[in-house]
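**Q** One letter stands for each residue in the lines below.
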Amino acid sequence: AQKVTQAQTEISVVEKEDVTLDCVYETRDTTYYLFWYKQPPSGELVFLIRRNSFDEQNEISGRYSWNFQKSTSSFNFTITASQVVDSAVYFCALGGNNDMRFGAGTRLTVKP
Amino acid sequence: DSGVTQTPKHLITATGQRVTLRCSPRSGDLSVYWYQQSLDQGLQFLIQYYNGEERAKGNILERFSAQQFPDLHSELNLSSLELGDSALYFCASSVEETRDTQYFGPGTRLTVL
Chain A
152 AQKVTQAQTE ISVVEKEDVT LDCVYETRDT TYYLFWYKQP PSGELVFLIR
202 RNSFDEQNEI SGRYSWNFQK STSSFNFTIT ASQVVDSAVY FCALGGNNDM
252 RFGAGTRLTV KP
Chain B
1083 DSGVTQTPKH LITATGQRVT LRCSPRSGDL SVYWYQQSLD QGLQFLIQYY
1133 NGEERAKGNI LERFSAQQFP DLHSELNLSS LELGDSALYF CASSVEETRD
1183 TQYFGPGTRL TVL
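Chains as they are written, first to last, in our numbering: chain A, 152 to 263; chain B, 1083 to 1195.
Check before you lean on any hint, since a few could be wrong.
What the hints assert, rightly or not - Label pairs and their calculated CB-CB ranges:
| # | chain 1 | residue 1 | chain 2 | residue 2 | range |
| --- | --- | --- | --- | --- | --- |
| 1 | B | V1177 | A | D180 | 40 to 50 Å |
| 2 | B | I1142 | A | K154 | 18 to 28 Å |
| 3 | A | Y215 | B | E1144 | 38 to 48 Å |
By construction, these hints were calculated from the structure, which means they are not laboratory data. Glycine included, each C-beta is placed from N, C-alpha and C at the ideal position.
Looking at chain A on its own, in the form it has when it is part of the complex (with noise of 0.2 Å):
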């Protein structure tokens, strides 16, 4: 069965700090997708990124970036210099040739 894992809940940054976000996840495809998405206040959902199985070159998208490991069924996303506007519930989640499955999301706040 697929699973995700966020473990953490809530985390709570000042602004310009470095922030992981870690997820892990379980499967037995040896195809499938890693995916983050960003929920802010206002509710709406933001694609963030979608990384092939295949694929565990790292990622870089200006103050975000994602740290793909299969040895360690991991998908971290790292927001570098963080700020108010990144606060917002995160999710990781994990797409087979089929079904999809969410973490339980990771809320994150950056005071000013």
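With chain A held as given, fit chain B onto it using these hints.
**A** Showing chain B alone in chain A's frame:
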């Protein structure tokens, strides 16, 4: 504005009733996805359509059904509603069928009384 529209924004109904949620994808997007977000179950993937055909099925109840029409808009039908079906229902769209960059609609908040 993501370009994905969902109607209605809010829906209040009673147990046992049937409702239809509508989603219009971004222009040019062929895939439509439906998700449910509730306090009890969190975020769940329900179903995906690509160019009119069902592509992936998640945790969708038998009381729920969906379809994608030739103009690519999609409808999610929820029947025999229960209190536990109260949730935010999101629709998303993408160009490809492989869950690439998805654009989300604002959601429909369903309240079952």
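**Q** For each hint, tell me whether it holds in the structure or not.
**A** A quick look at each hint next to the structure:
no. : hint                           : verdict
1   : V1177(B) x D180(A): 40 to 50 Å : violated, 24 Å
2   : I1142(B) x K154(A): 18 to 28 Å : holds, 19 Å
3   : Y215(A) x E1144(B): 38 to 48 Å : holds, 39 Å
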